[in-house]
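Participant: Start from the sequences and build out the full structure, keeping to the hints where you can.
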Amino acid sequence: MKLKGRNLIVFWRDSNTEDFTTLAYATQCELEVSADTVEVASPDTGAWKTYKKKRKGWEVTEAKLMSKLSEADFIAKVASNSMVEVMVASVSDVRQDREAGDYAPDLHFGKVGTAIVTRCTITGNNGDFVNVSMQLLGSGELRDILDTGYYDSPFCAGFLEASAVGDIDLSAMDYRYTRTAVGGSYSWSNPVRGFYLWVCVPTAYTQPSGFSSSGFEVPMTTYTRTIDGTAYTCYRSDARIIAGLHNITLTT
1 MKLKGRNLIV
11 FWRDSNTEDF
21 TTLAYATQCE
31 LEVSADTVEV
41 ASPDTGAWKT
51 YKKKRKGWEV
61 TEAKLMSKLS
71 EADFIAKVAS
81 NSMVEVMVAS
91 VSDVRQDREA
101 GDYAPDLHFG
111 KVGTAIVTRC
121 TITGNNGDFV
131 NVSMQLLGSG
141 ELRDILDTGY
151 YDSPFCAGFL
161 EASAVGDIDL
171 SAMDYRYTRT
181 AVGGSYSWSN
191 PVRGFYLWVC
201 VPTAYTQPSG
211 FSSSGFEVPM
221 TTYTRTIDGT
231 AYTCYRSDAR
241 IIAGLHNITL
251 TT
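So for the sequence shown, the numbering used here puts the first residue at 1; every next one is plus one.
Errors might be hidden in some of the hints.
Okay, derived cross-link-like pairs now, EDC-like style, lysine to aspartate or glutamate, Cα gap no bigger than 20 Å in a straight line [what the hints assert, rightly or not]:
no.: 1; residue 1: Lys54; residue 2: Glu85
no.: 2; residue 1: Lys56; residue 2: Asp144
no.: 3; residue 1: Lys56; residue 2: Asp36
no.: 4; residue 1: Lys56; residue 2: Glu30
no.: 5; residue 1: Lys53; residue 2: Asp19
no.: 6; residue 1: Lys111; residue 2: Asp14
no.: 7; residue 1: Lys4; residue 2: Glu30
no.: 8; residue 1: Lys56; residue 2: Glu141
Rather than coming from a laboratory, the hints here were simulated on the basis of the structure.
Facilitator: Dropping the structure here:
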């Protein structure tokens, strides 16, 4: 699968009690991994230089359009000594009608590590949008997303053609979350008129007691299924849903 630049996104969070989130209007992200080298010499090396690797390091650079004044608070993160957890990962289905916070890794590519924010640059050119760029310097190991276990048992939601719980595929759902507390408001987009809304929550989590949209109840039917060794409680809308962006509230 060829990966386009728009499908590579930087996620981050301040603590492991939060969801990973991304920033709106991102224009560029870059992950650089490097290794220090040292020249070694022995009777066997002869006339040619020989090297070996020592310590490894990594850093992430992200640029975005500034969409609100509060984003100037990124400067405070440079002054702070606190760490952030950062993830560079691929996502699917990038669309203008999706909120930045609704993206989740599609698990095709993803690297995760702890970092400090070492630079924040806010640039404004006459006649152009204000741009914010940040540099995050990795502190410690850079891990593969599949090794973290964060998405082993995700809370998932999406619009699917399938009407039977046995036919759904979690990887086909657009929205995946690491949070265990599923209550709250979400913006989910249905790309095709007539698809059902599916919400699948690991059975070990606190389950939603109701679903609503714009103050009106969304009737859902409950199913159970074990997926990849995890017991899930899945909810499917009783009616097929029109295409477009839907604001759904889960009550717990």
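Participant: Are the Cα positions of Lys54 and Glu85 separated by 20 Å at most?
Facilitator: violated (24 Å)
Participant: Would the pair Lys111 and Asp14 pass a check requiring their Cα atoms to be no farther apart than 20 Å?
Facilitator: It holds: about 17 Å lies between the C-alpha atoms, which stays within 20 Å.
Participant: Tell me if the straight-line CA distance from Lys53 to Asp19 falls inside 20 Å.
Facilitator: Given that 20 Å is the threshold and the Cα spacing comes to 35 Å, the pair is violated.
Participant: When you check the alpha-carbon spacing of Lys56 and Glu141, does it fall within 20 Å?
Facilitator: Holds, because 8 Å separates the two Cα atoms, which is no more than 20 Å.
Participant: Taken at face value, is the distance from the CA of Glu30 to the CA of Lys4 at most 20 Å?
Facilitator: It holds: about 13 Å lies between the C-alpha atoms, which stays within 20 Å.
Participant: Taking 20 Å as the top limit, are the C-alpha atoms of Lys56 and Asp144 close enough?
Facilitator: Roughly 15 Å separates the two Cα atoms, so the pair holds.
Participant: Assess, step by step, whether the Cα of Lys56 is no farther than 20 Å from the Cα of Glu30, and give holds or violated.
Facilitator: holds (17 Å)
Participant: Does Asp36 sit within 20 Å of Lys56, going by the straight-line distance between their CA atoms?
Facilitator: At roughly 6 Å apart (the allowed maximum being 20 Å), Asp36 and Lys56 satisfy the hint.
Hints 1 and 5 from the list above are not met by this structure, while the remaining hints are.
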